[in-house]
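*Asks:* So the chains spell out like this:
There are 2 protein chains.
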Amino acid sequence: MRILILGAGGMIGQKLAARLARDGWQGAPAEIVAHDMAYPPNPVPVTRQLTGSVTDPGLMAQLAADRPDIVFHLASIVSGEAETDFDKGWQVNMFPCWELLQALRAEHDKSGGAYRPRLVFTSSIAVFGAPFPEIFDDEFLTAPLTSYGAQKVICEQMINDFSRKGFVDGVSIRLPTICVRPGKPNKAASGFFSGIIREPLNGQEAILPVPDTVSHMHASPRSAVGFLLRAAELDTAELGARRALNMPGVACTVAEQIEALRDIAGNNVVALIKRQPDPLIERIVEGWPRRFLARRAEALGFKAETSFHEIVRTYIEEDLNR
Amino acid sequence: MRILILGAGGMIGQKLAARLARDGWQGAPAEIVAHDMAYPPNPVPVTRQLTGSVTDPGLMAQLAADRPDIVFHLASIVSGEAETDFDKGWQVNMFPCWELLQALRAEHDKSGGAYRPRLVFTSSIAVFGAPFPEIFDDEFLTAPLTSYGAQKVICEQMINDFSRKGFVDGVSIRLPTICVRPGKPNKAASGFFSGIIREPLNGQEAILPVPDTVSHMHASPRSAVGFLLRAAELDTAELGARRALNMPGVACTVAEQIEALRDIAGNNVVALIKRQPDPLIERIVEGWPRRFLARRAEALGFKAETSFHEIVRTYIEEDLNR
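Chains as they are written, first to last, in UniProt numbering: chain A, 1 to 322; chain B, 1 to 322.
In isolation and in its complexed conformation, chain A is listed as follows (with noise of 0.2 angstroms):
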């Protein structure tokens, strides 16, 4: 089996490539190719390691030249960097997706119609904006309030035509927001879901920029890594056109997050989150859902945690004090 990762340096691409690295695939052992920009000290051994941006011409007819089997398409920037660097956003966002499309269509059409990939796009719940019901599901209309967004319909929408006409095996997942993130904060507006819980663990002052009543979804890193696996196994005749599933979550409050961080750990823990309100991030996350149902998903076998405290206590398993 042949896996392509594209954006393998990032925190949620170093978790798939661990896993398969273990695990393979499906009981197999896998043959894994890593692509991005830059790796983390001591990145996941894996069968090949390429150093490069997505950006770069001709680098998709390349790796599809190998006929992965299965494309995991994680590259991008993300949302709060899009915002600030426009052309930056679309160049990253989108074009490469289109490249790799064509890309894969071309070796589509040089196998004589055989080889199909499966390609599995991580999109985001950054494709629904305000004004929202109270509860949505996937039937809910694309209409993003930042270029994050916009350029993740746009993918979707791309991936979505080209797997109707048969050219590649396309499935796009909406996360949610990826929480608690390990490492260093990114430039994502929804950076401080993460580090409200992530710096008080580690001892560290962290910045709440946003009132204790936004409420938002989340999953872990490790149900992520569980979305994209189920995402690349699952028979897509199950999805009827409609290949973008909004991938389940933990709704809560800001308020929950530190509650659940307080049961866990304690006052003095809880005692390090500063609040600080940043009118940009403010703004942006009055734009995402408070909400949503995947029901599609989840009749689809794909599972997130039940609770933030499960959350938390994943975190605490897999990366505190590593």
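Bear in mind the hints are in silico, worked out from the structure with no lab data behind them.
Note that the structure is predicted; figures quoted are calculated from it, not measured.
Don't take every hint at face value.
Computed footprint of chain B on chain A; a stretch qualifies when at least three of its residues, placed anywhere within it, have a C-beta under 8 angstroms from a C-beta of chain B [as the list claims (entries may be wrong)]:
(1) 149-155
(2) 183-191
Cut-off 30 angstroms, straight-line C-alpha distance, at most; resulting in silico cross-link-like pairs (DSSO-like, lysine-lysine) [stated by the list, open to error]:
(3) Lys-88(B) x Lys-88(A)
(4) Lys-110(B) x Lys-165(A)
(5) Lys-15(A) x Lys-184(A)
A few chain A residues that face chain B, going by a derived Cβ cut-off under 8 angstroms, partial list only [to be verified]:
(6) Arg-222
(7) Gly-226
(8) Arg-242
Ideal placement from N, C-alpha and C gives every residue a C-beta, glycine not left out.
Chain A is fixed; fit chain B onto it per the hints.
*Replies:* Then chain B, alone, in the frame of chain A:
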């Protein structure tokens, strides 16, 4: 007032140019720049008539350099052709929209932000795909079942995001099927909706490739021009963040279309309609909505016909025997 029309040689483009040439813009003469691959014999006289492809490199920068106050982007290949020529569909229906947006944004930047043109884009109800509820509105998800529909959704998303950022001031109007189209049949899968009225009124046989029970939404070419002009003048502050609008129309079955023709033109004319099922067209049309609401557009003053009889009479008055 400087007005650029992309796709000016097409049926709607010519009617729009004729209206602007006759009436000007809000009472003042308009400078009209027309662009298209080709024009009909005796095209509407305009200030400048350019011939070329929207895919020509450098074209959009050149057109944007004139800083048109209003840009009508009607240039597109039709649904049937985008379905059979996959590459051409994306190259014509998606990438030039991106190039246009980037070119207008470059002028916006050069002007220090003062230049922010109104951009009116003809999207389509093909952005929607089955399964449909019995009736739906502007909040329904965009899940197209054709490449043409996917390309229109993507352009809507780009226009929305460039508008949100303040680079352009865009509006996408989702046209129902424009009927009765004058002139020769084109490659649109929806072509027969016009053909079964137009050909018999011109004493010719027409092919009906779908069952009489097919229901669909229609508006006349005159209404389409009205939609474009309304979209060019409306206060976009009233749109909020969602700048794509369903246009109103007349919902009726093919049987009701035929009965309207019979009422107006008699049995001998109706007898020219020949039933000849076409599975490809049936499949495409099955994926289209039968009936939808255009509440937002109606509240904003967009107006269509109220009966199919009126649509037939508009054709007779405006186009028959010209």
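*Asks:* All hints, please: hold or fail.
*Replies:* Structure-based check of each hint:
1. 149-155: holds (count 3)
2. 183-191: Per the Cβ count (0), the hint is violated.
3. Lys-88(B) x Lys-88(A): holds (27 angstroms)
4. Lys-110(B) x Lys-165(A): Measuring from Cα to Cα gives roughly 41 angstroms; hence the hint is violated.
5. Lys-15(A) x Lys-184(A): holds (16 angstroms)
6. Arg-222: violated (30 angstroms)
7. Gly-226: violated (26 angstroms)
8. Arg-242: holds (5 angstroms)
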